[in-house]
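Chains as they are written, first to last, in the working numbering: chain G, 1 to 115; chain V, 1 to 115.
Worth flagging that the hints you see were computed from the coordinates, not collected in a lab.
Check the hints yourself; a few may be wrong.
[Claimed, not checked] Straight-line distance between alpha carbons at most 20 Å, and here's what the computed DMTMM-like set of lysine to aspartate or glutamate pairs gives:
(1) Lys85/G to Glu72/V
(2) Lys7/G to Glu72/V
(3) Lys85/V to Glu34/V
[As the list claims (entries may be wrong)] If you want the ones that stay clear, here's a sample from chain G, every Cβ over 10 Å from chain V, calculated:
(4) Arg18
(5) Leu22
(6) Phe27
(7) Gly37
(8) Arg42
(9) Tyr75
(10) Asp87
[Said to hold, decoys possible] Beyond 12 Å from chain V on every Cβ pair, some chain G residues (computed):
(11) Ala17
(12) Asp21
(13) Lys23
(14) Gln93
(15) Trp94
(16) Phe98
(17) Lys100
Heads up, the beta-carbon is just placed ideally off N, CA and C, and yes, glycines get one too.
Now for the letters of each chain:
Protein chains: 2
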Amino acid sequence: MPTVIGKHLIADFCGAARQTDLKSIEFALRAAAEHAGATVLRVVAHEFSENNGITGVAVLAESHISVHSWPEHDYIAFDIFMCGKADPHLALQWLEDFFKPAKSTNQLIERIAPA
Amino acid sequence: MPTVIGKHLIADFCGAARQTDLKSIEFALRAAAEHAGATVLRVVAHEFSENNGITGVAVLAESHISVHSWPEHDYIAFDIFMCGKADPHLALQWLEDFFKPAKSTNQLIERIAPA
Numbered sequence: 001m002p003t004v005i006g007k008h009l010i011a012d013f014c015g016a017a018r019q020t021d022l023k024s025i026e027f028a029l030r031a032a033a034e035h036a037g038a039t040v041l042r043v044v045a046h047e048f049s050e051n052n053g054i055t056g057v058a059v060l061a062e063s064h065i066s067v068h069s070w071p072e073h074d075y076i077a078f079d080i081f082m083c084g085k086a087d088p089h090l091a092l093q094w095l096e097d098f099f100k101p102a103k104s105t106n107q108l109i110e111r112i113a114p115a
Numbered sequence: 001m002p003t004v005i006g007k008h009l010i011a012d013f014c015g016a017a018r019q020t021d022l023k024s025i026e027f028a029l030r031a032a033a034e035h036a037g038a039t040v041l042r043v044v045a046h047e048f049s050e051n052n053g054i055t056g057v058a059v060l061a062e063s064h065i066s067v068h069s070w071p072e073h074d075y076i077a078f079d080i081f082m083c084g085k086a087d088p089h090l091a092l093q094w095l096e097d098f099f100k101p102a103k104s105t106n107q108l109i110e111r112i113a114p115a
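Using the sequences and the hints given, assemble the complete structure.
This is the structure we're talking about:
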């Protein structure tokens, strides 16, 4: 059996609160990572003036959480990629509680070295 | 039909060159993004002293490219997530040319707002 190196949750929200709020998104990246048991190395976020969309990444000792919002589509895309004992499902649960999406879907991808 | 907001390539390399070379990885994030027609806002990369693994992200106007290497597993995980006219397949092609993996696998995920 190949070794699973990382657990990668692809999560998509629509109808979420705070999707254009830069400070909330920076806070959420850090808090969700810590709730999952991960160690935050850096948080970088950027606000697009033309459409109020936000893009951001928490660089983790255990990989990353990224967020990209498209308010014109009422859509936020998250990636929660963690190795080791950190649990990406705990981060997703935290993000759902904070952003309160009307709809949320996700899929788990087990990241493995190609054999 | 739901609108595809972003094209997200999940790519896994094993047996690659340069997987512990921080400067090469920073260069590659930027060059692959530009080759794909994307605009780089920030590149952040971090080297782990305990195992020589590297984690890095290029934050793009069109979303992001992330890289995480586990030299102890001879494995590099890339995510190439782009919206608009930028083409993640061009970035992947550039990364394969540069890192020369013995094996490379990928899957494309079309990111859409949940209906």
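May I ask which of the numbered hints given earlier this structure violates, with the numbers listed in increasing order?
-> 8 and 9
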